[in-house]
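Participant: Each chain, written out:
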Amino acid sequence: AQKITQTQPGMFVQEKEAVTLDCTYDTSDQSYGLFWYKQPSSGEMIFLIYQGSYDEQNATEGRYSLNFQKARKSANLVISASQLGDSAMYFCAMREYYGNNRLAFGKGNQVVVIP
Amino acid sequence: KAGVTQTPRYLIKTRGQQVTLSCSPISGHRSVSWYQQTPGQGLQFLFEYFSETQRNKGNFPGRFSGRQFSNSRSEMNVSTLELGDSALYLCASSLDGYNEKLFFGSGTQLSVL
Chain Z
1 AQKITQTQPG
11 MFVQEKEAVT
21 LDCTYDTSDQ
31 SYGLFWYKQP
41 SSGEMIFLIY
51 QGSYDEQNAT
61 EGRYSLNFQK
71 ARKSANLVIS
81 ASQLGDSAMY
91 FCAMREYYGN
101 NRLAFGKGNQ
111 VVVIP
Chain P
1 KAGVTQTPRY
11 LIKTRGQQVT
21 LSCSPISGHR
31 SVSWYQQTPG
41 QGLQFLFEYF
51 SETQRNKGNF
61 PGRFSGRQFS
71 NSRSEMNVST
81 LELGDSALYL
91 CASSLDGYNE
101 KLFFGSGTQL
111 SVL
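For the protein sequence lines, the chains are Z and P, in the order given.
Position 1 (the first sequence) corresponds to 1 in the numbering used here; numbering is contiguous.
Position 4 (the second sequence) corresponds to 4 in the numbering used here; numbering is contiguous.
Think of the hints as simulated: they come from the structure by calculation, not from any bench.
Since this is a predicted model, take the numbers as computed values, not measurements.
Hints are supplied without guarantee of correctness; some may be wrong.
DSS-like, lysine-lysine: derived pairs with alpha carbons at most 27 Å apart [to be verified]:
id : chain 1 : residue 1 : chain 2 : residue 2
1  : P       : 57        : Z       : 107
2  : Z       : 3         : Z       : 107
3  : P       : 101       : Z       : 3
4  : Z       : 73        : Z       : 3
5  : P       : 101       : Z       : 73
6  : P       : 13        : P       : 57
7  : Z       : 16        : Z       : 107
8  : P       : 101       : P       : 57
9  : Z       : 3         : P       : 57
10 : Z       : 73        : P       : 57
11 : Z       : 3         : Z       : 70
12 : Z       : 73        : Z       : 107
13 : Z       : 107       : P       : 101
14 : Z       : 70        : P       : 101
15 : Z       : 70        : Z       : 107
Over 10 Å on every C-beta distance to chain Z, these chain P residues come out as not near it, computed from the model [said to hold, decoys possible]:
id : residue
16 : 11
17 : 20
18 : 65
19 : 69
20 : 101
21 : 109
22 : 110
Glycine included, every Cβ here is placed at the ideal spot set by N, Cα and C.
Using the sequences provided together with the hints, build the complete structure.
Facilitator: Structure below.
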């Protein structure tokens, strides 16, 4: 069974600072994908970044980068140069491609960016 | 390109009633998934439809059902509502549902009184 763990408490981040959100996962599949989504107070889940289990390079999308450590089963999200609009819940998710192929989410991290 | 559209945005129902939620995926997307989000349980997978067929199903009781139409629009139905069904219901679409990101709608907030 899939399991995604996000254990950090809510975080306050100074504007323009970088923030790292931790995510560990558990799977016995060799082929899987890791995703990060952002959910602002409006409720919509916004895709941020994707990392495939066979990707050797860490994924980057603008100010977002994913620190993928496969042996540790870790997929931390790094947001550089935080902006006020980054205040939201952040969810780590995983999809096993030869397993049940459903997207399983962690409990999320609350981030508040302060000026 | 229009995003994923969910209607209605808010719903208030009473116990025992039934409810139908609607999801229009991004044009060209054939996979539609539904998720339930509650403060206690977080985001839980309900089911996925692809080309009008249920391809994947989560661990929810039979009161939760869905369907997909030929234009890929999907509906989710919950019968005999319980207080615990109060949640944000999110719909997500993708081209074929494999190895790619899901695009989510803003959700339907269901309150059961």
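Participant: State for each hint whether it applies.
Facilitator: Against the structure, the hints:
1. P:57 - Z:107: Cα-Cα ~20 Å, so holds.
2. Z:3 - Z:107: holds, 10 Å
3. P:101 - Z:3: holds, 19 Å
4. Z:73 - Z:3: This hinted pair holds, its Cα atoms lying about 11 Å apart.
5. P:101 - Z:73: holds, 20 Å
6. P:13 - P:57: Roughly 25 Å separates the two Cα atoms, so the pair holds.
7. Z:16 - Z:107: The hint holds at about 26 Å.
8. P:101 - P:57: holds, 19 Å
9. Z:3 - P:57: holds, 17 Å
10. Z:73 - P:57: holds, 26 Å
11. Z:3 - Z:70: holds, 15 Å
12. Z:73 - Z:107: Cα-Cα ~17 Å, so holds.
13. Z:107 - P:101: holds, 19 Å
14. Z:70 - P:101: holds, 20 Å
15. Z:70 - Z:107: Given pair residue 70 (chain Z), residue 107 (chain Z) holds - Cα atoms ~21 Å apart, limit 27 Å.
16. 11: holds, 14 Å
17. 20: holds, 19 Å
18. 65: holds, 17 Å
19. 69: holds, 22 Å
20. 101: violated, 4 Å
21. 109: Violated: least Cβ distance 7 Å, not greater than 10 Å.
22. 110: holds, 12 Å
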